[in-house]
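Using the sequences plus the hints, can you model the full thing?
Just so you know, we're using my numbering here: the sequence shown kicks off at 867 and counts up by one.
Calculated directly from the structure, the hints in this document are not laboratory data. Some hints here could point you the wrong way.
With a Cα cut of at most 27 Å, we get these calculated DSSO-like pairs of lysine-lysine [stated by the list, open to error]:
1) Lys993 <-> Lys966
2) Lys1185 <-> Lys1148
3) Lys1127 <-> Lys1083
4) Lys966 <-> Lys1145
5) Lys893 <-> Lys1145
Here are the in silico distance ranges between beta carbons for each label pair [to be verified]:
6) Ala914 <-> Glu1069: 29 to 37 Å
7) Lys936 <-> Lys993: 33 to 41 Å
8) Ser934 <-> Arg975: 29 to 37 Å
9) Lys952 <-> Glu986: 36 to 44 Å
Quick caveat: nothing in here was measured; it's all calculated off a predicted structure. Ideal Cβ placement from N, Cα and C applies to all residues, glycine included.
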Amino acid sequence: MANILVVAEFSEGSLKRTTLSAITFAKQAAAATGGGFDILLMGTGVDAAAQELTKFGAGKVLVTDDASLKQYTAERYAPTVAALAKSHDVLVATASAFGKDLMPRVAGRLEAGYAADIVEVKAEGGKLVYKRPMFAGNAYGLCQIATPVAIVTARQSSFAPTEAAAGGSPVEKVALEPAGKGAERVEWVEFKQVKRERPELTEAAVVVSGGRGCKEKFNDILSPLADLFGAAIGATRAACDAEWASADMQVGQTGKIVAPKLYFAIGLSGAIQHLAGMKGSKTIVAINKDPEAPIFGVADYGLVGDLFQIVPDVVERIKIARK
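Dropping the structure here:
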């Protein structure tokens, strides 16, 4: 039986949607072993977020609200997370920038085993087995963690956001553990975040991505289609390197991992590195002039032809259909 602790992600006064995927992981792991799960929320002014977290079936919602947590640094968060390992067997966060930064620090403090980017969890012989991608997602490895406490991060695109459950979890205050000496050498400077009118790539229900084939008309081609769906716009590394799109729009092994309900792959061949970041999408529509392009191997629907003619035509047909 495994007791799991979900470390919630809280930023700019609100709960990050990534947390809901970590809760799904926790529910699956708990169900597989007959255990339960709790949620830890840390930050400043977290009361509303704490109430939101009571709706997902946790045993309890643990809350650490302290003025020193106004800006996230792993050195401030890790001691409190590690202290709660005494009453939990598995600590999990989503494999976002937050989770990938914090959880290895926690594992280091506990001298615990760490498994990153988990895409599936199951139980064998009463012990949890974690599945994680290797070689850009072309192979998968199965692992178990032998230390008393296991530290993991769950890939958001592999665990659907959990739904609210009936009833409410009790909220319990948790004291902030003293920071280690390392925290004294860390100073918060600033956080530069790109603000866009479109949805965040990792949270969008629809993503319209373009590659080298879009050429300098990248935005002219993709924006009208994205506007119809209220979609986020993504890009391949080639498109980012050509400066048709900014680096934060890159989808792929070295970019962002997405799994929207609908993914448009326009003018991109489907290199292994890009597929690693989007092949978990529920429905994939590919448009490419090369019928042998690898992207057609994962696409649910494919259009072969000149994207500069096809995409505007698709946009017009959707407009007509919606009238």
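Structure versus earlier hints - violations, ascending order: Numbers 6, 8 and 9 - these are the hints that the structure violates, sorted from lowest upward.
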